[in-house]
Each structure stands twice: as C-alpha cells, then as structure tokens.
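So you can see what is in the structure, the chains are spelled out below.
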Amino acid sequence: MVELSALKRSQAEFVGKPVVSIQDVTHRYGKVLALDGISLDVPSGLMVGIIGPDGVGKSTLMALIAGSKKIQQGKVTVLNGDMADGAHRRDACPRIAYMPQGLGKNLYLELSVYDNVDFMAQLFGLSPAERPVRITELLNATGLGPFADRPAGKLSGGMKQKVGLCGALVHEPDLLILDEPTTGVDPLSRRQFWTLIDDIRAGRPGMSVLISTAYMDEAQKWDWIVAMDAGKVLATGTPAELMKRTGTKDLEACFIGLLPEEKRSGHTELVIPPRAAGKSEIVIDAKGLTRRFGSFTAVDHVSLSIECGEIFGFLGSNGCGKSTTMKMLTGLLPPTEGTATLFGSSVEAGSIEVRKKLGYMTQAFSLYGELTVRQNLVLDALLYHIPSKKADARIKELVEKFGLGPHLDSLADSLPMGLRQRLSLAVAVLHEPKILILDEPTSGVDPVARDSFWELLVDLSRKQGVTIFITTHFMNEGMRCDRISLMNAGKVLACDAPQKLIEARGAPNLEDAFIGCMEDAVADDASGAQNKDKAPGRAPAAAVQHAASKASAPSGFRLRLGRMFAYARNETMQILRDPVRLVFSFVGSALLMLVFGFGITTDIEHVRYASFDLDQSPESRAYLEQFAGSPRYFARTAPVRSAEEGLRRLQADDVSVVIEIPPNFGRDFRRGNAPEVLAQVDAAMTFRGETVAQYVQAVNNTMLQNPANGLQVSPPKDTATFEERYMYNPTFESVYSIVPSIPALLLVLIPAILMAVSIVREKELGSMINFYVTPTGKLEYLLGKQLPYIAIAMLNFFILAAMALVIFGVPVKGSFLLLTFTTLLYVTATTGIGMLISSFTTSQVAAVFVTAILTITPTIQFSGLLQPVSTLMGKARLIGSIWPTTYYMHSSVGAYTKGLSPGLMVQDIVFLACCIPIFWAVSMLGLRKQEK
Amino acid sequence: MTSLLNIFWLGIKEIRSLISDKVMLLFVIYAFTMAVYIQATGTSNEVNNASIAFVDEDNSALSKELINAFYPPRFQAPKKIDARETEDAMDKGLFMFVVGIPPQFEDDLRAGRNPEIQINIDATAMQQAGIGTTYIKSIVNKRISNYLKRTDEQDSGPVQLIIRKLFNPNGTASWFLSVVAIINQISLLTIVLTGAAVIREREHGTLEHLLVMPLTAFEIAMAKVWANGLVILLATATSLFLVVQMALKVPFAGSHLLWFLGVILYLFFATALGIFLGTISRSMAQFALLNILVVLVLMLLSGGSTPVESQPGWLQNITFFLPSRHFVSFSQVIIYRGGGFSAVWRQFLMVGAIGLVFFVYSLSLFRKSIAVTK
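For the protein sequence lines, the chains are A and B, in the order given.
So in our numbering, spot 567 of the first sequence is number 567, and the numbers just go up one at a time.
So in our numbering, spot 203 of the second sequence is number 1203, and the numbers just go up one at a time.
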C-alpha cells in the first residue's frame, strides 16, 4: 500500500494533468474490431461519462484502463504510468477501483453482502482491526446495513450494484471506474446511487470518476462526456458544448446528431399516430395475478385489462416481476392466485388455439443462432403449419419490410444486435398474431435501431390492429406507449397514459413520476423501510477519511498470506453454499466407492452349470457330484436332455457351462480307458469364459486326487505338486485388491474436477476480475483456491477409509498415519492437476469432461489398477511411471493389504512431493493476470 | 398428424443444430471409431509381459531348463533372486510371481516322487494372478515331462477332460471389449447430446419461445428423442460395421436387425434420461457433474466390465432395473451366441418398460422446469 504522504504528493503532481491518457489503442476479439485506433485524454478530478449503445467498445476501453484486460496495441497511461508495465499495474491497482458491467458480475452470489465486501477488503490488505469498522460504515452509508447477512444472489439489481460499489470503495481509490452501473436498476435506486457517488466525491475531491452508461439522459449532469460509436470516439466535451454543437436539447438526440451521415440516413423523428378513439374489445385481461416462489412473492396481485390494438408498456427494473407476469400471461407459468385470459378464454384451458393468436419475443431474442435467418423463419412457418405458398409469400414480405434481405443466408448468431432484434420480431409476427408480447426487446440496441424497431411496432399496432404488450426499462420508450403501468417489487404502482401519469404527480418527466410513485410505496411500506437510505449524508466521506488515517503498512509477506487465506475462506463459503458441488464432492465419492467396490469384482462365483449325463452310472454321478460339491464356484441347474437343449440354454445365458458325460463312461473308467468328458463353456465374455474353464479343470483335477469319491488315482509320475501362496490376499477375493485401489482413483477424479471447476467458474461468471484488478499474486490465488479442496479431499479420504473398514471389511494393515501423510501429498498433487487443466479450459463443462477423461484414462490403464505396472511396456510404462496415481496406488494397496513398512513408501512420498511444486509452477505459467 | 409434423420439423432443427456444433460432432465421431478401437485392443485380461522371478535352490540342469521355459511375450525374462529377497521384492511390487524350486528337486522327480514347487503370487493383481498361476503350472509340468522323458507326449489322466469354448473359441478379448465399448459410448453420448440440447435451448431462451407456440411438451421432447437417437444410431451402425466387423473382424452370430431393434429401445431410455438430467440441472456445469456420476454407474454395473453374477445378491436385485445391464446381456446373446427373439424378449421388454416409465416421468418434469429458469 502506498503511504499516505506519498499518495498526497503524487496527487499534487498530477492535478491538472490527464488521469488517463490513451494513444492509438486498437483492440480486437478475433475478427471483430472493438476499439479502432482510439486516442483520448481524460482530465483528472472530474466525473467523466462514456456514452454510446452496447457493443461500441465502452466496456473494452474501461477494462483496458482498469488494467484488467491486456493491451493489444497502443499505449494506455493511467495515474502517470504505463498500464502495459506489470510493476506499474501492481503499484497502481490499489489506487484504482473498478466495477465491471453486469449486475453483481464480480460478486460471489452465494456469499453474504458483508462477506463480499470483507473479501475485497482482505485482498486490498486492510487489517483485521480496521475491516469491520470500515465495512459497517460503508454498508450503513449505502443503506445496506440491514441486509449485511443476506446472500448477494438474493438482492435486487440496485442493491447488488451498491454492494459492488462498497467493494470498490473499501480501499480509498484515486480513480473510480464504473461500467454501466445503473443498467437495469430501478429509477429510485438509480437516483440514490448517483447521490451516493456525489457524496463520495465531496469527501474525496481529488478522485476521478469514469462512468459508462447506455442511459444518455443520465450523463446530462456530468462534467465531461466521451461519445463513442463503432470503436471510435465521436466527440468529447462538456454536455452543454456537445448539445450546442449539434443544436439539440437532450443527449440522446445529440448522440444521434453526432453519428456519421450513413448511420443516420433514413432516421427520422419517430411519430406515433394517436389511436382511434372509442372503446374496443378487451383482449388481455388479468385479475389479481399472483406468483410466489417459496416465501418470495414475485408478482403481487396484478390486474390489467388491455384493449385491442393498444400499445401497452410495462415499466420496471430487473427483477421487479415483469417477466414473471409475462410468463403467466402466456401460460408458461401457472399463477399461484388470480386468473389471466386472452380473448376471453383462459390461457391454460384453450391452450393451443389461444397460442396461435399469440406472438412472443423473449428477452434473449430466442433465435436459433446456429440456423440461418431463412431457416429460422421457415422453421416458424412450419411449426405454425402455414401452407407453404402462403408462408413463402409472408416470409418474402417480412424480409423486405424488416430489411433482412442481404442477410438471408447468414447465421443468426453472426448478425449485429439490431438485426437480430428485427429478425426476432419477424419470427414472432410471422403467423400474424393478434397479440404480440415483447419482453425487453430493445435492451442493448442503439438509438437509431431502436427508433426503426418502434416504427415497425407502430405499423403493426395502428395499421394491423395488433395488440402489443411490451416491457422496458427505458423511460423514453415508456413515453411512446398508449398506456403504461409502473411496476416495482411485484406490485403495479400506477397505470395510465404516460402523460396523464406525469400530470397527476405534477412531475417534470416520467422518471420523476415513477420515483414519486416508488417513494409513496416505500412510505406506505414504512415498517420494513425505516432503514432505507433517505439521506446518505456525509457518512461515506467520513468513512473514507477514517480509514485513510488508519492506513498502515504491514509487511509484504503477511499481506500475501492474508490474501491467500481470504481466497481460501471465500472458496470454502462458496462451496458450502452450493448444494450441487457439495453433494458431488462427498456423496459422489461415497456413491462411487460403493459402485466400484461392489460392482467391480473379478470373483467369478456361482457359475450356473447343467449336466448332460448319457451314462447314468455310479461313476458318472460321482463325477458330476463333484461340481455340486463346490457351491462357491458352481450352482447346479436342471440337467439337459439333448445336445440342442444344451446349446439353446447356453445361447440364452441360462447356463454358462454344460458338462457332457458320454455313454459307457463308467465302464471305460473302470477299465482305465480314459473316457472323454466334454465341457462346453460360454466364452462370450472372454475373462469369465477363461476362468470358468479353469474351474472345470480344477474340479476335474482335485476329484481325481480325492479318496472320498472312488475316482481317486495316484498322481501321475514325472509331475511336481504346487504350493500356491496368494500373498497379501490369501482368500484371493477381489474386494481386497479393488477396495484399496478405489481411493486412489476417486481422490484424483473428484478433487481435480472440483479444483478445475472452481477456477474456470470464476472465469465464466466474471468474478475472476477481482483477481485481475487487485494486488493478488498468482501463487496466492492458486494456493488460496487449493486449500479448501485439499481439505475436502482429506475428508473424503477418511470417509473412504471408514467405508472400506465398515462396509467392505478391509482394514489398513500398515501405518495409517503414514498413509494419511501420503494421501495429503497425493491430493495436493491431484488438485494441482485440476489447477493445471483450468489454465487451458474456458467453460465449466469443458473443465469437467476434460478433467474426467485426462484423469480416468491413465489411472485405469497405466497406474496398476487393472494391470500391474511391472508388466507395462513402452509408452504405457512411461506414462505409468510419471503419473502420480501409480505411486499412490502402490502406497495405498501396500498399506491396506501388504502392511508395507515405511521404508518402502519413501519412494512414493518423494515422488509425490516432487510433483506438487511442478504443478504449481506450470499452473502459474498458465494463469493470466490480465484478461486477453 | 399436425403433431407428427411438428415432431418431425423440430427434430430436423435439432439435427441442424448438432451439425453446426463441429466440436461435438468430432467428439461423436472419435468416440465411436478411434475410442472404441483403442478400448477394444488396449486393455486385456490376458497375462502379458508378467514379471517373474525364480528362487533356485536346486541348481540342477532341470531347474535351469524350467527357468528357460519362461520367455516373452507372456512372461518377462525371469530374474533369479535369493530366498531372503522374496518378501521384499514382492512388497516393492517388482514381481507378480516368485517361483521357488526346492533342493533335490530333480533327484526327487527321478526317484518317482512328486516334489513341491512354491509359487508366490501377488494376489492384489486379481485378473492376471489366477490365470498366470495356471500357466505357470502347466508350463512347469510340461517342461518336466518333456525333460525327463525326452518326448512331448503327456500322460493322460484317467479322465480326458475336453473343454470347448463356445462363441469365442480362441478367447479373443477384443470381441467382447469392442461391443462393450460401443455400449458405453452409446450411454455416455446419448445422455450428453440430449441433455445438452435441453439446457442449450433453455439457456438461449428458445425453449420458452417453443412453449408459447402451439406445441406441446410431448412434441418438443419427442423431437429431441428421435433426432438425437437417430444420430447415435447412425454412429452405432458405422462403428459396428467399420470398427467391430471390418477392423477387428468380430463375427456377428445373430441378426443385425434384432440387435438394432434392441439398440433403438435402449436409445429411448437413454434420451429420456438425458432429458431428465437436462431438466433437473440448472446449468451446463451441474449437468456435467451429474452426468459423470450417472454414466459411471450405468457403465460399471452393466456387466460389461465385470460379470453381473459376481455382484452381491442385493445389488443384482437393484441392477435388474438398470437398462444398461439388459443391453449388455441381450447384445451378448445376439452378437456372440446367435440367439433369436425368443432368447432376448425378456430383456427387450425390460428396457422398453423402464424407458417408457422414465420418459413419462421426464416429460412431466420438463414442463414444470420452466418455472426454474427464472
């Protein structure tokens, strides 16, 4: 941590200088150009906004500035240092706070609010004494105090963003980078959020804030604006300057004005013709719709009635119950209470008929990305059974109208957002529905595309009389609807024409009207709401001062250790709260132990046999009696009467061996003519056939030496007798060899999979960013992640050992303590394998399957499970001799069955101990400290 | 009629999606060709290259002759060790077998006695230990009589036991292993393909879209069953003809048609299981974890790795409800033993019945699952 005085000095140095300076930065994702030679100087100490629609490169730019993404081309200077330089990044990252895009993207959803913030505080090296004070202050200042123990996954979008902000502010940063912090957040929380930021800035005037947003109206109040489009900077300046330059009154219009000519072409001011007056038929009618998930009420008594041809808007934040309401209207989800009817009939009862009149566009655009535009449209026509001629005409008409012509044969996935959205609408209206239900159809689409999309909607509503039900979180889209209903926390707050709503509240615009409604609702709900942050006051500023004065500088090593334990604690809590992984790690290994232990056995017993006695003499009966006399190996079934019957029963797997005694067996035997006995053995399963054949031979041999049965003869001359000593497993039962080998297999499979998933999961869900932007070192990260899994694997080892003893009756003959120590080394190595695999897999699914295949194959084939290592040759021998399981298998089987002396396990221990640092080193090389 | 058409068109879409997923497609091809071949030829229960040592306390011409009787590929070149080293060498796992030849061995034999040879067997190597011991005994006795009588003839006992191995006379392991490998790949890939198709559709939101259309959950599920089943069926047929019959030259004793009928019944079960797992897991990652547990159980207890008869009685009662066990069983009957319908109808019935019950159950879950997505 930088010392306070030094920090002050460096601040003084760069006041007036740009806090961020970007020169010729270009960034590509594969072929897609995200940033196109950008150069930009961001003045310090200001609130700077980056505006532009989704996909123009805002997030990439911010990630580069925050140091979380690796710079491909160009130069990024932040806080007077080059961000390509690792040393500078390490020094600078405690002074930068970065909140990535996506509600709660870098939060751990299983963890509580407090634990999330505490984790960040630990990574930034705050001492245990100052952490609780600082966190409590921050949580109280943001109004999260009462929810400190709630898991982050169960918070609303606005609250998640506040938790993210607390995490970002827990160390006092000089540069705060917020990537779309308010997208999808309700207007009241949004306003509170900005108030909070203003207060924090008041407390730390030197701090620069860099924010991106898709809501252009928000940016109106900020100090300085960067307008971006298609990877380029369109313009920079104060909002007033920009609006003056384009001669517009608001930023959205200003942005459109700034766009290059060809993008604006065809764009005209959207005009919505008024609806024809007069009452018409009611097509959507919902009464008291309620939906509960457990104790949580997602939708609370919503009633609506929508007329034919109306454009009805549903406004609210993410998670307020909009989508759930829609699902109930479309019959996807049965309501807990209340009814919904479309065209007077219930959605559930008249299902198929009603659904033919319904068009639906889900939030995700619900297209088959792997099909082409044409295939998507045709599939829909086929599923609605539109006659092919009519379908062709209709598709042609839509393609023309929606401007999809040039893209007919490209994959839906390859289309830009705006086109996908139009294709999705075309698919939804292909069968000419009477009602169109659209779930946030315009999120992530630029303003020009949004306007042209609305033109299509207006055309459908006004010219074709289609009723449109649309949800959105854009206020200006709400203004375009005939009527809107404002929704928050599952309840409809108000429902009327937008203009009337504004007038009724006497508010300047819809957003203020909405906030007014919400505040009323909150006031009504006063009981649980007294803690809502009415006025955050100067608390955050005070908190900042407070912590800064305490900033101490513990030694580097203790900091590292602290961060490692922070990750270990974090991982432990996550896995304890994830039922699937928890079950997999414990129940999974116990279950597999049972399945392997009972299921894999090479003991061939109770072989079903049938006799085919053509002699029926005392000798033949005595001969056959011998088979019945060894019940462990042979089980008698009804004798067969003909050769065909014998064959048939062998075919049907009814018996495995038929013993045929020829006629005159008794006579020939007495005369010493050596009569032939034919044993027909089913060898379809080769190993079993071979074993059964040996059993038959053995029964034949022993009976000839057994004086009790009258068939005895003296042993032939010139033969030796044999004394067989089945060492380590005197009864020669496979349970004694299989059971001790199973832990060796399970303790590589399960810990490696869990370890690989835990790291890849962070990459996939986005919390990996915390590793990129905090001072956490690679080894600290890896060890911190590994510790909990070593503990889990050791617990598993004890469970498996207990099962071996209690269920299978296989005790450890050697030193249990030594075996435990060897196991500790082994699981450290096997979790290392998982770590290594995580460095080259990018999805959890791939991590699971790759780990499973890479660990199971060498373990089963080359480590002595099926074939002793001493019998392997060539490459198999080589793989066997470097695969850790080989050594553990030797120790484990040795300790269980052979009672190996410690001296013999030393070689295994030394090898396993050598593996561990190798896995660490390679994993560290594979782990990136920045996103690519 | 419209329902059948819907199922057909949805299935075509399913196949198109699969074809565009190149990685998955390559994996399917690999699994049914290379992987089957490797599994069939890679492992064997045969004694091969077994490590053996002798403690020769006789040091006679005969004992040297005996030691020379063991050579590759079945056995490694024998090592001579001291009696005191035996225990330690076996503990280290250096040798699977240590054979002890007693003093005066040759003299005793010439005197008409039957001296005793000691075989120390590392019984933790279950599969090779038993068979290997038998080999050692037969090699030793053959060599003794050969040496003492200067002839290859062996004394025949009072009863001549002729053992005839039916259905696989030479005991070629790859015959059995190749078919088991195909069966295992069918279980694994059918479940992966179908389950992933359900989850992908849910994650992309297209499932909701389908459910709002005039389609029933039955049609959507049935389309996945036939489309993914067909892909696996084609892969199975290719694997059977190219790998098993052409490359490995495994004879097919029974009727191809009958076996494929059985495969179709099993596919019905496996696709239903895929839909079930795809429905209950909330993400691809959970699905992958569950899949590993389920598929391992299906494979290990099917009787393909070790015989069903060797399972304890109570476990056999449970595995009776495992369709994979009946699949392995009727495959053996049809492919090796050449059994007809009368020999397998019980197994067919069992696979079909369990498949149907599972399908009905998965279907009812499938519709409910929409509530889980949000």
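Since the hints were derived computationally from the structure, they do not count as laboratory data.
Hints are supplied without guarantee of correctness; some may be wrong.
Stated by the list, open to error - DSS-like, lysine-lysine: derived pairs with alpha carbons at most 27 Å apart:
1. LYS1022(B) with LYS491(A)
2. LYS463(A) with LYS390(A)
3. LYS1064(B) with LYS875(A)
4. LYS221(A) with LYS17(A)
5. LYS232(A) with LYS105(A)
6. LYS932(A) with LYS1022(B)
7. LYS356(A) with LYS232(A)
8. LYS463(A) with LYS434(A)
9. LYS1142(B) with LYS1064(B)
10. LYS763(A) with LYS1079(B)
11. LYS356(A) with LYS1064(B)
12. LYS357(A) with LYS1142(B)
13. LYS287(A) with LYS1368(B)
14. LYS1064(B) with LYS31(A)
15. LYS396(A) with LYS356(A)
16. LYS1022(B) with LYS1064(B)
17. LYS875(A) with LYS1079(B)
18. LYS154(A) with LYS1368(B)
19. LYS75(A) with LYS932(A)
20. LYS813(A) with LYS1142(B)
TODO: Output the numbers, in ascending order, of every earlier hint that fails for this structure.
DONE: Result: hints 1, 3, 7, 10, 11, 12, 14, 16 and 20 break, sorted rising.
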